[in-house]
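Chemist: Just need the whole structure built from these sequences, with the hints factored in.
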Amino acid sequence: MSVSVQQILGEARRLVGRLREQDSSADQLLAQAHTLGQGVEAMRQYNEELSQLATSSSVGTGLPRPRAALVLSIQQENRHIRELQQENRELVATLKEHQSALELIMAKYREQVMRLGSTCQAEEKLGIGASAASALAALPQCHHLADKVCEMAAVMRRAAEVDEERDAKETELLTRLKAENGVLRQLLEIGRKVGSAGLTDEESQTDNANSGGDAGAAAATAAFKESE
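Add 456 to the 1-based position in the sequence shown for the working numbering, that's all there is to it.
No lab work stands behind these hints: they were computed from the structure. Please read these numbers as outputs of a predicted model, since none were measured by experiment. Some hints could be false.
Unchecked claim - Within a straight-line C-alpha distance of at most 25 angstroms, the following computed SDA-like cross-link-like pairs (lysine to any residue) qualify:
(1) LYS625 with ARG641
(2) LYS552 with THR575
(3) LYS552 with VAL639
(4) LYS649 with ALA635
(5) LYS552 with ARG469
(6) LYS552 with GLY493
(7) LYS649 with VAL639
(8) LYS649 with LEU630
(9) LYS564 with ARG545
(10) LYS564 with GLY473
(11) LYS552 with LEU475
(12) LYS552 with ASN637
(13) LYS564 with GLU477
(14) LYS625 with LEU644
(15) LYS552 with ARG641
(16) LYS634 with GLU621
(17) LYS625 with ASN637
(18) LYS649 with GLY638
(19) LYS552 with GLN541
(20) LYS564 with VAL496
(21) LYS552 with GLU621
(22) LYS552 with GLN642
(23) LYS634 with ARG622
(24) LYS564 with SER481
(25) LYS552 with GLU497
(26) LYS564 with THR575
(27) LYS564 with ARG476
(28) LYS564 with GLU543
(29) LYS552 with GLN478
(30) LYS625 with LYS649
(31) LYS625 with ILE646
(32) LYS552 with LEU640
(33) LYS552 with LYS625
(34) LYS552 with LYS649
Modeler: Here you go:
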């Protein structure tokens, strides 16, 4: 079963929290154990002092046994000491359990950290492999696209050549039409000039003929008058 990185991090945070709680509890137990140890030591010293007091009292009064009140007090103190010792043993056992729990938590924490590192490495390798596989899978499509681009480039180049040829032909046709138009204009101009010159000559000849007839008529009239 695969474990995600978020789950591993969450488990690690939970273990760290438990570790802090166990550490705090262990400090409290150590403080209580130290206090109980001091109490037990004080009670032991008190018991020894009471025993010494009872012995000295018996020796001083000549009685073979201590007095009843003193014996009762000693018994109560002994019972209290036994209770403190039992509580101390329970605290020591609880402290050992906490230490075992701390060791287990630390082992789990180290295990989770190792799993996290392994998972990260596996994801990195998987990411690299997936990228390479994707690139290999995309190669045929890239070649196909490259072929399409080459075909389109060839079509565009052919279209550009056709456009250039058409432009050249149109330019040549336009140049020829301009030249023919110029020639036609020149011919029309020459024809117009020739027509104008012919009309001028005819008018001149007509005018000369009219002036000659008039002169002859005048000469005939003068001769007729003279003969009379």
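Chemist: Tell me, in ascending order, the numbers of any earlier hints that this structure violates.
Modeler: 2, 3, 8, 9, 12, 14, 15, 20, 21, 22, 28, 30, 31, 32, 33, 34
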